[in-house]
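Build out the structure end to end from the sequences listed, making use of the hints.
Spelled out from the first residue to the last, the chains are:
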Amino acid sequence: MTEVLRLEGVIKEFGDEVVTRVLHGVDMSVHAGEFAALVGPSGSGKSTLLNILGLLDRPTAGSVQVAGKESTELDEDARTALRGEALGFVFQFHHLISALTAAQNVMLPLGINAGRMRPEQRAQAIEALAEVGLGDRGDDLITKLSGGQQQRVAIARALIKRPPLLLADEPTGNLDTETADDVFRLMRAKSRESGIACLFVTHDPALAERCDRIFKLVDGRIVDVRPGANAGS
Amino acid sequence: MPTTLFLALSFIREGRAQSMLISAAVGVGVAVIVFLSALIGGLQQDLIAKTLGSQAHIALSRPEEEARPLFASRTADSIVLTNVERAAQRQRGISGWTRALDDVEQAAGVEACSPIVSGPGFAVRGTVSKSISLIGIDPARYDRVIDVQSRITAGRMVRGGAEAAIGVELAESLGLDVGSKLRVQTAGGRTELFSVVGLFDLGNRDVNERWVLTPMRAGQTLLDQVGAVTRLEVRLPDPFEANDVAAALAARTGLEAESWMQTNAQLLAALRSQSSSSTMIQVFVVLSVTIGIASVLVVSVVQKRRQIGILRAMGSSRGDIARIFLIQGGLLGVLGSLFGVALGAGVATLFQAMAVDDLGKPLFPIVLEARLMLTAALVAITTGLIAAALPALRAAKLDPADAIRHD
Chain A
39 MTEVLRLEGV IKEFGDEVVT RVLHGVDMSV HAGEFAALVG PSGSGKSTLL NILGLLDRPT
99 AGSVQVAGKE STELDEDART ALRGEALGFV FQFHHLISAL TAAQNVMLPL GINAGRMRPE
159 QRAQAIEALA EVGLGDRGDD LITKLSGGQQ QRVAIARALI KRPPLLLADE PTGNLDTETA
219 DDVFRLMRAK SRESGIACLF VTHDPALAER CDRIFKLVDG RIVDVRPGAN AGS
Chain B
11 MPTTLFLALS FIREGRAQSM LISAAVGVGV AVIVFLSALI GGLQQDLIAK TLGSQAHIAL
71 SRPEEEARPL FASRTADSIV LTNVERAAQR QRGISGWTRA LDDVEQAAGV EACSPIVSGP
131 GFAVRGTVSK SISLIGIDPA RYDRVIDVQS RITAGRMVRG GAEAAIGVEL AESLGLDVGS
191 KLRVQTAGGR TELFSVVGLF DLGNRDVNER WVLTPMRAGQ TLLDQVGAVT RLEVRLPDPF
251 EANDVAAALA ARTGLEAESW MQTNAQLLAA LRSQSSSSTM IQVFVVLSVT IGIASVLVVS
311 VVQKRRQIGI LRAMGSSRGD IARIFLIQGG LLGVLGSLFG VALGAGVATL FQAMAVDDLG
371 KPLFPIVLEA RLMLTAALVA ITTGLIAAAL PALRAAKLDP ADAIRHD
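Going line by line, the protein sequences match chains A and B.
Numbering-wise, the numbering used here comes out as the position in the first sequence, counting from 1, plus 38.
Numbering-wise, the numbering used here comes out as the position in the second sequence, counting from 1, plus 10.
Restraint-style ranges between C-beta atoms, simulated for each label pair:
#, chain 1, residue 1, chain 2, residue 2, range
1, A, G81, B, L403, 30 to 36 Å
2, B, M30, A, H241, 42 to 48 Å
3, B, M30, A, D177, 21 to 27 Å
4, A, T110, B, V309, 34 to 40 Å
Everything labelled a hint here was simulated from the structure, so no lab data went into it.
Backbone N, C-alpha and C define an ideal beta-carbon position, used for all residues, glycine too.
Shown next as structure tokens:
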């Protein structure tokens, strides 16, 4: 199977005079279509690792390959371009642009990629919204949608370009159990349908067990990698 | 539509109240610039037009006579004490004036040149006499230097023979009208009876009281300058080039050249001071507008930190982020300048309509030129862009990971 993400010996240190090592040589890989969970206690380095995977930060040492490209050798512009092409993001807080409607938010990654907002992108956005059950809410401002609906819009936005890898940072952390289950199912289904790999960061052990594989991060080290007990459910 | 422009417009629309307020502030600044420039420009143009209404841009005359001491040098065994008295200046004609006239007309930066003969005299009617300035002119040439023709209030301009055109104040004080006879007497004892063919109003009381225009030949005869002229008067396309052109003409002809800028040095100094104070006011207005736009955008960058982070995560470059804020600054400038130009022009027009004299003539002539409004608008837009530069740079430098985490 094609690897869409591969990390080898990733180290991350902060500070100049007093150096704090947050990641101690992380190795991991995620394959196309795989739905993987990243779990770990607070302070284990999950956010730092996710920033490095998302090309929002650079490792101090080690290799980070995204969609077959070695990102550590790329300059800022090339990393930005790779981020735009190969990655989709869903965060705990939806991080949608409050000035825009649901459809405008969803079409934004296409607009950023093309440099222009075009009418045909709106048609794609409405289609993507329909796939997450919000086909009729395209013209609504984000502020008019519920938390669950906002997260669905964020998922539609992350998937509209069909990126090889979706990074989800506790996307259900701010939702009630029922809505969280809905959002999880939706992401799982989209990943399967489109062959998009997903790395799902969560604190919820039950959700993690429903993933294909679980990476456990403790004190900046991957201490356990195993299949989810209820994978596919 | 470019994505950066789309986002900039969306951000402006989202902060509608804030955008309207800052645009209004920019607009008021632009209105101040437009109004002040229109008012001061109008006043200055009016003053200069009035000054130049009866004055040539450059007057060329024969150099003054200088008295020289007979024994100016010191010898080996004596010291010569001299006391040189300044000679009284005679009215002297320009020798070879026709060649000088050709020279002046061919010189660069000259629009027209007119020879005149002038000197003092008395206008006599019955037992009343008034001191006058007698000016013999070639009417066609003279009109190209000093526009008398359009300011004839009664009758017509002189053409030839014993005709005279006089100022309205002189006509009133001597009880003259078109068709009246006027006797002119000069210091040399010569007299001539003229027929008044026209009255003029050159907008200057002193000129209207003293000027008597006659055909060249009559003037030359009366002033004992047969065949000669005493001055060459010059008009330029740009009156503010007068000092430079005067220096060039003096060197070319060997005559003494005096520009209107030299004779009105005090007026020009006052106009310059007025322009400087106006510029200072405008600089402070632009400065406050800049600070206003910058502060709104700085707050906007702080408020939109997370959204900037997510845009970067989705593939927006630092340049894209900077452009979003620069465009916002420019758009606020455009909105403000549209509002400001309309407000400034409206206030200026209203002011002109309201501040009038008893005859309904505006007290403050206002000059509203398209160039002024375009300049004010460009200043506002440039100000908006400059004001947005700092916030744009701040936004572009935001670390996306930090920005997304930001609470």
